[in-house]
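Engineer: For the record, the sequence lines run as chains A and B. Just so we're aligned, residue 1 is where the first sequence starts under the working numbering, counting upward by one. Just so we're aligned, residue 1 is where the second sequence starts under the working numbering, counting upward by one.
It should be emphasised that the hints constitute simulated quantities derived from the structure, not laboratory data. Computed from a predicted model, the values in this text were never measured in an experiment. Backbone N, C-alpha and C define an ideal beta-carbon position, used for all residues, glycine too. Check the hints yourself; a few may be wrong.
[To be verified] With beta-carbon atoms standing in for the labels, derived distance ranges: (1) Asp235/B / Tyr14/A: 33 to 43 Å; (2) Pro212/B / Ile125/A: 34 to 44 Å; (3) His169/A / Met227/B: 53 to 63 Å.
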Amino acid sequence: MSDVVSHIMKDQIYKLAARGMREDGRPFDKMRPMSIETNIIGPAEGSARVRLGDTDVFVGVKVELGTPFQDRPTEGVLMTGAELRPIAHADFETGPPQPPAVEISRVIDRGIRESQMIDLSKLCITPKEKVYMVFVDIEPLDYFGNIFDAGSAGAVAALKTAKVPAKRHGFGEDFPMPVRAHPVSVTFAKIGKHVMVDPTLREELVSDARLTIVTDEKGDVRAMQKGLSGSFSYAEIKECLLLATKLGKDIRAIKIG
Amino acid sequence: MNEMGGGSTDIKLIDEKGIRLDGRRVDQLRPIKIEAGVLKNADGSAYVEWGKNKVLAAVYGPREDHPRHIQDPTRAVVEVIYNMCSFSVEERVRPGPGRRSVEISKVIADAFRNVIFTEQFPRAKIDVYIEILQANAGTRCAGVVAASVALADAGVPMMDLVPACAAGKANNQLILDLAKEEDNVGQADLPTAIVPKTGEIVLLQLDGHLTPDEFDRCLQMSMNACMQIYELQKDALRRRYATSANDVVETEEAKQ
Numbered sequence: 001m002s003d004v005v006s007h008i009m010k011d012q013i014y015k016l017a018a019r020g021m022r023e024d025g026r027p028f029d030k031m032r033p034m035s036i037e038t039n040i041i042g043p044a045e046g047s048a049r050v051r052l053g054d055t056d057v058f059v060g061v062k063v064e065l066g067t068p069f070q071d072r073p074t075e076g077v078l079m080t081g082a083e084l085r086p087i088a089h090a091d092f093e094t095g096p097p098q099p100p101a102v103e104i105s106r107v108i109d110r111g112i113r114e115s116q117m118i119d120l121s122k123l124c125i126t127p128k129e130k131v132y133m134v135f136v137d138i139e140p141l142d143y144f145g146n147i148f149d150a151g152s153a154g155a156v157a158a159l160k161t162a163k164v165p166a167k168r169h170g171f172g173e174d175f176p177m178p179v180r181a182h183p184v185s186v187t188f189a190k191i192g193k194h195v196m197v198d199p200t201l202r203e204e205l206v207s208d209a210r211l212t213i214v215t216d217e218k219g220d221v222r223a224m225q226k227g228l229s230g231s232f233s234y235a236e237i238k239e240c241l242l243l244a245t246k247l248g249k250d251i252r253a254i255k256i257g
Numbered sequence: 001m002n003e004m005g006g007g008s009t010d011i012k013l014i015d016e017k018g019i020r021l022d023g024r025r026v027d028q029l030r031p032i033k034i035e036a037g038v039l040k041n042a043d044g045s046a047y048v049e050w051g052k053n054k055v056l057a058a059v060y061g062p063r064e065d066h067p068r069h070i071q072d073p074t075r076a077v078v079e080v081i082y083n084m085c086s087f088s089v090e091e092r093v094r095p096g097p098g099r100r101s102v103e104i105s106k107v108i109a110d111a112f113r114n115v116i117f118t119e120q121f122p123r124a125k126i127d128v129y130i131e132i133l134q135a136n137a138g139t140r141c142a143g144v145v146a147a148s149v150a151l152a153d154a155g156v157p158m159m160d161l162v163p164a165c166a167a168g169k170a171n172n173q174l175i176l177d178l179a180k181e182e183d184n185v186g187q188a189d190l191p192t193a194i195v196p197k198t199g200e201i202v203l204l205q206l207d208g209h210l211t212p213d214e215f216d217r218c219l220q221m222s223m224n225a226c227m228q229i230y231e232l233q234k235d236a237l238r239r240r241y242a243t244s245a246n247d248v249v250e251t252e253e254a255k256q
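With these hints in hand, go ahead and build the complete structure from the sequences.
Structural biologist: Set out below in structure tokens:
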């Protein structure tokens, strides 16, 4: 993402932050409105579209047959990928995923994996030989910041509504994706001394540090990632964790359309 | 299927006395050896042995960044390349940057970018190469520790050295500095890097399952360990430059 942000805009965001305000009028601790639709792509085993403010992301789940990892012979395989394709923003380019996209996919993957959201043991057909492989692909269409939370919510919604296409492969009836947890990702940006949740694109462009926290239904932490060159203090991290748990409950309660 | 993040917990990692498989207490680091200035070509270098991890870091630069259009006219560009040697683990690692290495390289570069006084070197580039020769869990932290000693050895001006350490959970107990056997069946891992002077946290990742209270204790444990490692880093630099200082004295004496 381009580092070129006009000084006037940067100034403006800093000045607002110093007064406890943001460019879109939100308080520091409020997310933009999030809406989630699912089952929107026919050929996909699961799909979702998430709008977080103006950010618009599609997520598709495909399930194929494959061989398990040698050290997990009785478990299916989960793979999460994200691409920042040029359709979503003028600064995105074609080509293989660059480090920012790799980071996004790995952080979203971590939340799903570490919360044990998918019972991978139920995706084993023949130990050591044949398992279902679940591919989650995240495609931002309109990028206005915080792809971590929009992409994560989309991945979770798409997986929750996905089916395993057993019939197509001749292994009995189709069955729902074995889901047993609902992880929620909440991301913070630090601008100067101010920490705010769910940064907009402009806020992202001027922020010094980023913190993503994934919590589960019990309010336990499942994954975390500090990003960008800035830092967080111990006290800030504790505060973010409290807020991530609280906001996580609200996001978990969003009705899927 | 068990509740844990990392797999089976049948293996007993900690005995009744709180002693781990390798004889450590729950809050004890593995033995760490740091040596500064181990390579001749690089502008700065460091070698770290951390338990069974063997990690080499080299710094080139600040040097001219090219092609010119990627230069930053206001500060030096910092690039980190973390690489696991193909022979560093049991099963051969396919050479080249995988997604894991790309992410680790990025978070380490992010950790250093604001610690280095990059604005002193506009248009320049500082390359940090981290080679994992032998891996036994905790390589990104060992890499950060080696890289910051190598940066200091290269004379790159920095706010402070950056120590790093992980804490985590295995066998339902919070433990410091997970070794391979523990990480394999562990329930959580929290690598952390700090700037000791300010207490800022510049690298933080977590995977696994911790309650908020456990998270807090893990973070404190890893931050405390960082302070121990900080002393080892300073000591490595002192040893390196004490020798060269002696050399100078000796040559001066020889002249007389």
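Engineer: With reference to the structure, classify each hint as holding or not holding.
Structural biologist: Structure-based check of each hint:
Taken as a hint, the range 33 to 43 Å holds for the pair Asp235/B and Tyr14/A, whose Cβ atoms sit roughly 41 Å apart. A hinted range of 34 to 44 Å holds for the C-beta pair Pro212/B and Ile125/A, which are about 39 Å apart. In this structure the supplied range 53 to 63 Å holds for His169/A paired with Met227/B, their Cβ-Cβ distance being about 55 Å.
Comparing the model with each earlier hint shows no violations; every hint is respected.
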